[in-house]
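> Using the hints, build the complex out of the two chains.
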Amino acid sequence: MANLSTPAIPLTGIDLSGDRRRLHRERRVRVLLAGAGLSSLLISVAIVASLIGKSISFLTNVDLATLWTTDKWAPRIGQFDLATLFMGSLLVTGVAMLIATPLGLGAAIYLAEYARPRVRRVLKPILEVLAGIPSIVLGFFAVAWIGPNVVENIFSQADAFSLAAAGIGVGILVTPLVASVSEDAMRAVPHSLREASYGLGARKITTVTRVVFPASISGVVAALMLAASRAIGETMIVALAAGAFGEAKYTTNVADVGMTVTAAMASLAGGTDQVAGGSGTGAGQAFNSLFFLGLLLFGVTLVLNMIGDVFVRRIREKY
Amino acid sequence: MSSPDITITREMTVAKAVSGKRVDAVGVGFQVALLLCLLVCLAFIVVLLGTVVSDGAGVISDRGTGFLTSNLSRFPERAGVAQALFGSIALALVVVVVAFPLGIATAVYLEEYARENRFTNVVRLNIRNLSGVPSVVYGLLGLAVFVELLGTDFGPNGGLTGGRTLIAGGLTLAVLVLPIVIITSSEALRAVPQQLREGGYGVGATKWEVTKKLVLPNAFAGILTGTVLSLSRAIGETAPLILVGAFFGTFYTTGDAGFFDKFTTTYTALPQVVYQWATDAKTEFNTELAAAAILVLMVVTLLANLAAVLLRNRYEKRW
Chain A
274 MANLSTPAIP LTGIDLSGDR RRLHRERRVR VLLAGAGLSS LLISVAIVAS LIGKSISFLT
334 NVDLATLWTT DKWAPRIGQF DLATLFMGSL LVTGVAMLIA TPLGLGAAIY LAEYARPRVR
394 RVLKPILEVL AGIPSIVLGF FAVAWIGPNV VENIFSQADA FSLAAAGIGV GILVTPLVAS
454 VSEDAMRAVP HSLREASYGL GARKITTVTR VVFPASISGV VAALMLAASR AIGETMIVAL
514 AAGAFGEAKY TTNVADVGMT VTAAMASLAG GTDQVAGGSG TGAGQAFNSL FFLGLLLFGV
574 TLVLNMIGDV FVRRIREKY
Chain B
21 MSSPDITITR EMTVAKAVSG KRVDAVGVGF QVALLLCLLV CLAFIVVLLG TVVSDGAGVI
81 SDRGTGFLTS NLSRFPERAG VAQALFGSIA LALVVVVVAF PLGIATAVYL EEYARENRFT
141 NVVRLNIRNL SGVPSVVYGL LGLAVFVELL GTDFGPNGGL TGGRTLIAGG LTLAVLVLPI
201 VIITSSEALR AVPQQLREGG YGVGATKWEV TKKLVLPNAF AGILTGTVLS LSRAIGETAP
261 LILVGAFFGT FYTTGDAGFF DKFTTTYTAL PQVVYQWATD AKTEFNTELA AAAILVLMVV
321 TLLANLAAVL LRNRYEKRW
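Chains A and B, in that order, give the protein sequences. Each residue of the first sequence is one higher than the last, beginning at 274 in the working numbering. Each residue of the second sequence is one higher than the last, beginning at 21 in the working numbering.
There may be inaccurate statements among the hints.
Residues of chain B clear of chain A, computed beta-carbon distances all greater than 10 Å [claimed, not checked]:
hint	residue
1	211
2	215
3	249
One side of the interface only, derived from the structure: several residues of chain B facing chain A at Cβ under 8 Å [unchecked claim]:
hint	residue
4	43
5	45
6	46
7	128
8	153
9	165
10	202
11	263
12	286
13	295
14	317
15	319
Sample of chain A residues at the chain B side, in silico, Cβ under 7 Å [said to hold, decoys possible]:
hint	residue
16	295
17	313
18	337
19	340
20	344
21	376
22	418
23	567
24	573
25	574
Hints in this document: simulated from the structure, not taken from any laboratory. Glycine residues also receive a C-beta, built at the ideal position from the N, C-alpha and C atoms.
Bound-form chain B, shown alone (with noise of 0.2 Å):
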């Protein structure tokens, strides 16, 4: 007689067991935390922009392309970024021609040509770990090789680089990059199907032809998009160039000078700029200029990844 009670008062038991509260509060509360963390860090973005855009804006909507196109200089409203865009793209251009194809030949030899050996293992362990070594220290490297070793003591008429140059900072900039160059084309490649390669050796071609006409054009968006953005990396990165001297002062720079001579003489870079600006003792200088030249640099970073976005869509492959 009392059992279906029971089976009822169990059942009921179970269900309101299982069913719990309608609305888990603590839950929802942990999830709005989590949300607001992400907020936070939008609210750093979002303040940041602003702080920069309401001290620049002032010498940008006055000075125009003026500022672009006017000299460093000791007086405030005199003061452009002309050299510093220059040294900027001089030494992106460097860091493309230097750390683009050995970066991209690495990769390629790790993934397509390198056997599974102690001999590979040292060197990815080597790239992983030149990744993660801070940019003021690939500065020292810099200045003890590329400013003082290959400046100075090899080569005719003081040295390769000529010292304190650009090509120096370039070739200082491109050795930074590298790791990253080499990890992201290391990735690009490793997405490439297998198929596509076992289809190429079908038809009897090399390994060299497979990876030339097979592998590399069918990674190409995925290394574009590595390699551009450690391009924008090296355009903001200050440290290193401090130490193989990134001209801090006022300088003139000869506007007769050839394209090339550029290269081989003092020279300055954007972020050295902001650096020189924000620790002057003038208000004009450490505010609104260096806020200025900061819209200017991440303007040119903004249109490198911008490049970066617009070419992966358009090759890119989906598998």
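Looking at chain A on its own, in the form it has when it is part of the complex (with noise of 0.2 Å):
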């Protein structure tokens, strides 16, 4: 025990307690890092608490009766029917899903399951360029494209403008989201699990139907709710292709010109009626619908996408 309680060499002569001015150093910047970290939360903070002022102020001062039934949604007369908006919300994001999802998850089967890594090269590409068009431009070709050469075709009807030309180009852009999250989830699944199918004498599109498919379910419903919640959010191919500039009525049918949540937002903030810049009652109530709207919107997508991120783990734990 003496022994072991005296080492041979005598520690005190080093020093292990390091550089002074190097250990300032390290906590100045640490202190100034986490400072950084800490930033992003103050922006939460920030978002949350200028929604929340102005969206008070809206709701005390409106008829919250107008607020469903009045079939309109006019900000200068001051009708604020959110149904109008939320309908239109619904049939832009439905149209969307509706394009989005059969050709995101085809094309992600397709480059998860059956392209060669040569082939996967050079076809993955197509939806990285199409995830970095922006909105404004997927929202111009809605309107010169879209509109009369799909949707006039399909509803035989001469406006260019309509909800189902937006939910086209919003379709259009979600797409890549789609087909990169649920790709992400279809390569995760073991090899071991496509070996055991083939190993039973399936084919590969049974392997891919019944057994890769089913296994990546849960990253499929996250590409599918984060895709939801990009087209809900999405604003400027709305605000552009679905026609409605100013005020709405209330409409169930996608070939009619109509609003989004977003593109009420957009309208009410550049544009239409410069309502920032406006006078008087009516004005300072428009000015605070934006923030409820806005309240709203983030209140549907952090819904949305904490649902999705949920599935999202759920995949990254299984495997």
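Put into structure tokens, the structure is as follows:
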């Protein structure tokens, strides 16, 4: 025991506490970096705070009964019918998902299961290019091409502007998102599952549809949730292509012009009525309604994103 | 006597069952359908580019660089994107100065410094949620914080940002891309092998020395790619700019204003001009000039992406 307590080399001669200046700098850097980490929390707080304040002043100054049954969103004359905007958002998102679900999933299955590495390297950038197109450009495309060439042929109508044209544009926008998230999920499915399926004599199509796809279903659900959230929050395509400026009537027909929550915000903020610069009680109320819509949008997309997040994590934990 | 016959029959039955049909028609059809999904995406890109080029090439070829150097105008033959081009580049500059250091610092904190505790998890969840918040909501944040709070209520002579100015727009876009910068930088930092850090600690370096001298240089390529991609996203964003008041209409910036003065005056940006022209009643504006402005916008984003690819190839490391 005595031997152990007195080591051969006396430690007292070596200073292991380190250079004080280096340690001080170390602490400063840590504080600085932690401050940066805090800034992201600050942003969330700022978002919620800026939305809630004006939303409350909107709700306290509006006749709550008129928020659902007046059949018209016309902030300039004080009509704030939320059902009009909700139905608009629902229709646009519905059309978008109708386009993006088959296209995105088809592309994902092909890239994950069928394409050879070399083919994949050539085809994958298609989706990356599509994902990189600014939404305002897709909005222009929706008015200039989708409206006249697709929507007018399907619904035999004369107007290039419609909720359907906007929905198709949004569908193109979210297709890459559906594809990339679900492709990641399918590639995460272990090879042993596929081999077991082939070992039982299953064909490729059976393996893909009955083994790989069900195994990656969490990721696919996540992809669709995230895409829906993105579609609901998309602004510029709808602001350009849905065709209603300033005000909109309630409609359930995708071939009609209409307005979504986001398009109403864009219209409130710029272009047709510059509410921010307006004066009088009506203008102030329209300005506040902007923040109320923002709060609703924030809440809905947050819920969808969080559900999507749970599903993404599930597939990561599984394999 | 009969046993060999039975064996042969059984083998034949099994062989027949196992070999299946030579051509799996359903399987091939499925594969073709999947490939078609990708090709439809490709077709969208081709048609979109075709539409934009056929609408916009006329203006570019007639006016040449005159389109890039002339200001906004009510007259289609005189209207150009000079102010918008400057605005977009200046906005990108603000994003680079604000979002990149802050985002990379946050990523370094989360990946290298933070302990795995509840606080870190909250920060991570928060960043993932922020990345899913619709861009138009960031516009509301910018309107409430950078335009109103910091613009008029705080600081000397009409606030820090001065209201609806370029700096307010730039800060809004910086906040918008911050989560993307953090997430992509985190991924790049995670890809640096642990042995490298251990080697650094082994020779007595402190955490910051290891981070600065070993981790960051080796994660540089990945961080760069992510940040430049987020930059091209910022250049293409329209909705937040409408809310924080990128100028809508015709304005004459003073050509003699100093470089820094331009950051605190009225401004516009390329996507904003596309939106303004696309919603104009005149065909020259809503088709030809809008498409020409889109071409300029896409060239600018393309250059940013090209720079990202080139820099990545220059600095990329394989482990």
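> Checking each numbered hint in turn, tell me which of them this model violates, lowest number first.
3, 4, 5, 12, 15, 18, 19, 20, 24
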